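As given, the protein sequences belong to chains A and B, one line each in that order. Going by this note's numbering, the first sequence opens with residue 7, and the numbers climb by one from there. Going by this note's numbering, the second sequence opens with residue 195, and the numbers climb by one from there.
Among these hints, one or two may not hold up.
Stated by the list, open to error - Lysine-lysine pairs mimicking BS3-like chemistry, simulated, CA-CA at most 25 Å apart:
#, chain 1, residue 1, chain 2, residue 2
1, B, Lys-386, A, Lys-85
2, B, Lys-329, A, Lys-316
3, A, Lys-121, A, Lys-85
As the list claims (entries may be wrong) - Have a look at the derived ranges for each label pair, beta carbon to beta carbon:
#, chain 1, residue 1, chain 2, residue 2, range
4, A, Glu-113, B, Ala-374, 51 to 61 Å
5, A, Gln-248, B, Phe-217, 39 to 49 Å
6, A, Val-171, B, Ile-367, 21 to 31 Å
7, B, Arg-382, A, Ser-291, 47 to 57 Å
Worth flagging that the hints you see were computed from the coordinates, not collected in a lab. Predicted model, so just to flag it, every value in this text is computed and none were measured. Beta carbons are placed, not taken as given, at the ideal position from N, Cα and C, and that holds for glycine.
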Amino acid sequence: MAIWKDPTIKASGITPKEVYLRRRDFMKAAAALGLVGVPFPASAAPLMAAPGPYGTDEAKTPLENVTSFNNYYEFGTGKDDPAYYAGKLTTSPWSVKVGGLVANPTEFGVEDLIKAMPLEERIYRLRCVEGWSMVIPWIGFPLAELLKRVEPLGSAKYVAFETLVRPEEMPGQSAYFPALEWPYVEGLRLDEAMHPLTILAVGLYGETLPNQNGAPIRLVVPWKYGFKSIKSIVRIALVENQPPTSWNRQNPGEYGFYSNVNPEVDHPRWSQATERRIDGSVFASRRDTLMFNGYAEHVAGLYAGQDLRKDY
Amino acid sequence: MIWRRYDRLALYVAGFIPALYLFYAAFSGWLGADPTRVLEHHLGLWALRFLIAALCVTPLRNHAGINLLRYRRAFGLLCFAYAALHFLTYVVLDQGLDLSAIWRDITRRWFITIGMAALLMLVPLTLTSNNAMIKRLGARAWGQLHTLTYAIAVAVIVHYILSVKSWPAEPLIYAAIVGALLLYRIVRTLTKRWRPRPGPIPRPA
Numbered sequence: 007m008a009i010w011k012d013p014t015i016k017a018s019g020i021t022p023k024e025v026y027l028r029r030r031d032f033m034k035a036a037a038a039l040g041l042v043g044v045p046f047p048a049s050a051a052p053l054m055a056a057p058g059p060y061g062t063d064e065a066k067t068p069l070e071n072v073t074s075f076n077n078y079y080e081f082g083t084g085k086d087d088p089a090y091y092a093g094k095l096t097t098s099p100w101s102v103k104v105g106g107l108v109a110n111p112t113e114f115g116v117e118d119l120i121k122a123m124p125l126e127e128r129i130y131r132l133r134c135v136e137g138w139s140m141v142i143p144w145i146g147f148p149l150a151e152l153l154k155r156v157e158p159l160g161s162a163k164y165v166a167f168e169t170l171v172r173p174e175e176m177p178g179q180s181a182y183f184p185a186l187e188w189p190y191v192e193g194l195r196l197d198e199a200m201h202p203l204t205i206l207a208v209g210l211y212g213e214t215l216p217n218q219n220g221a222p223i224r225l226v227v228p229w230k231y232g233f234k235s236i237k238s239i240v241r242i243a244l245v246e247n248q249p250p251t252s253w254n255r256q257n258p259g260e261y262g263f264y265s266n267v268n269p270e271v272d273h274p275r276w277s278q279a280t281e282r283r284i285d286g287s288v289f290a291s292r293r294d295t296l297m298f299n300g301y302a303e304h305v306a307g308l309y310a311g312q313d314l315r316k317d318y
Numbered sequence: 195m196i197w198r199r200y201d202r203l204a205l206y207v208a209g210f211i212p213a214l215y216l217f218y219a220a221f222s223g224w225l226g227a228d229p230t231r232v233l234e235h236h237l238g239l240w241a242l243r244f245l246i247a248a249l250c251v252t253p254l255r256n257h258a259g260i261n262l263l264r265y266r267r268a269f270g271l272l273c274f275a276y277a278a279l280h281f282l283t284y285v286v287l288d289q290g291l292d293l294s295a296i297w298r299d300i301t302r303r304w305f306i307t308i309g310m311a312a313l314l315m316l317v318p319l320t321l322t323s324n325n326a327m328i329k330r331l332g333a334r335a336w337g338q339l340h341t342l343t344y345a346i347a348v349a350v351i352v353h354y355i356l357s358v359k360s361w362p363a364e365p366l367i368y369a370a371i372v373g374a375l376l377l378y379r380i381v382r383t384l385t386k387r388w389r390p391r392p393g394p395i396p397r398p399a
C-alpha cells in the first residue's frame, strides 16, 4: 500500500494500525462467541491510493472515532446508531445511476469505478453543523472525473444526489417518527461539483468505506457542513434548477442550500464560531472555525458577489 | 426502624451514583468519540428525571396511595445538583472557560438562555428546601414560591427540544411525561378550588 506520510503529523496522534486491528479481531471473536451483540460490518478490504493534493498537516482523527461517531439518520439519530445498525446493509453489488441532462447517461458499478478511477488519498477536515470536527484520510476520486464521462449538457446547472432507500436494512427509514423525509437528497451547483476539492469517496484509512461512513460510495465536499456530503449514493442527476436538499426541507430557516462552513453566520440556535476537534477525550479543546473550513483560498472565488448571509 | 432512619440518606447516596459513573466513564474513555457531549447530555437528563420524580409525588399520593412526600425534597435537591453539574460541564469542559463565548451563548442562544433561566429559578427553591426556611416563610408562601417548579419544568423541556436537530423521539417522550404531569395540575386547579392541602406540608418526621 502506497500511503504517503506527512512528516509533520506526530506519530502519537495516530492510532497504530495494529492496535485497531487487534481491537477488531477481539470484537469479531467476541461477536462469534455471542459475547457482544453487534452486527459486524462486512470486513473492509484494503484499497490502494496515492496521496493527493490539498492535504492537511493536522493530526488525523483516530479511526475508532471516525467509525463510531456518525450522523447517518437512515440508521437512527444517535451518534452510535450507525455503528450498531449499518452492518446489516448490503453494499455489494452496488451501482450508481448517473443521468439527467447528460449526453451519455450511465449506470456505474462501484467495483468498476474503483478500478477505473484515479484513486487518491485526501486528508480533509470535516466540520459538522453541530459544532464538532474531525480530520479524515479519505480515498476517492474527483466527482468531476465521473461527471466528464457522462458529458453534461449545456443546460445542466446543478447536480442532484440521492441515497439508497431500503427500510428493511435501514431502521431509521421505518421509524414511527422519521427524522427526515426519505430518500436523503443533496445537491451542488455544477461549479461546486466540478471543483477539484469535491470527491466521491470509496474508502478511508487505507480501506474500503465502513458502512456507517457511507459505504460503498459517498460525496465529500470539505468546505461545506458535513450533511452536504451525502452517503451511500444510488443516483446522481444533472439538472437545470436548484434541487431540493434534505436538511433544507426539514428546516429551511436553519439549513440553506449552500451550507458553506462559515464562522460568521451562526446557526439560528447555536454559534458556529468554534468547533470541538473530536479525539475521544473529555479534554478535546475547541478551536476557531475557519472560513470555508480552511479551504477559502481554493473555493472563495466560487461565491464572488454572493451575500453569504443570505445564501447560507 | 432502621430503614426509616436512613432511607433519605440512602436516596441521596444512590442519587449520586449516575454522576459518579458518568464522570468516571468520561475520564476513562468509555463514552465514545465526544465524551464531553455525552457527559453534558446525561447530567442534564438526570436533572430532568429527578424533576419528574418530584412532580410525580402529588399525583401518586392522591391517586395511587403511594406517599413519597418524605423524599420530595431529596428529588428536588438532586435535580439542582445535576443541573449545576450539567452547567459546570458546559462551562469548563465544553466551552473551556471561555467566558466571553459563554456570555454570548447565554444572551443570544435561546435554548441556552432558557436552560440558564431554569437553573437560576432552581436556586431559590434549593435555598428554601430546608425546615428553617419553611418555618420562616410560612407554609403558604413557601408553597407559592415552589410553584416555580412548573415554570422550571416547562423551561427544561423547551431547552431540551431546542438543543437537538430534527425531532428525535427521546425529548418528545420526556415532553409528553412533563406535559401530562402539568396537565394534571391544571385540571385539578380548574376542577377544585385551590386550597392548601390538609396534613403536614413537607417536613421530615
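Consistency of the hints with the structure:
1. B:Lys-386 / A:Lys-85: Roughly 47 Å between the alpha carbons, so the hint for B:Lys-386 and A:Lys-85 is violated.
2. B:Lys-329 / A:Lys-316: 58 Å, violated
3. A:Lys-121 / A:Lys-85: 32 Å, violated
4. A:Glu-113 / B:Ala-374: 51 to 61 Å: 53 Å, holds
5. A:Gln-248 / B:Phe-217: 39 to 49 Å: 48 Å, holds
6. A:Val-171 / B:Ile-367: 21 to 31 Å: 27 Å, holds
7. B:Arg-382 / A:Ser-291: 47 to 57 Å: This hint holds: roughly 50 Å between Cβ atoms.
Hints 1, 2, 3 from the earlier list are contradicted by this structure; the remaining hints agree with it.
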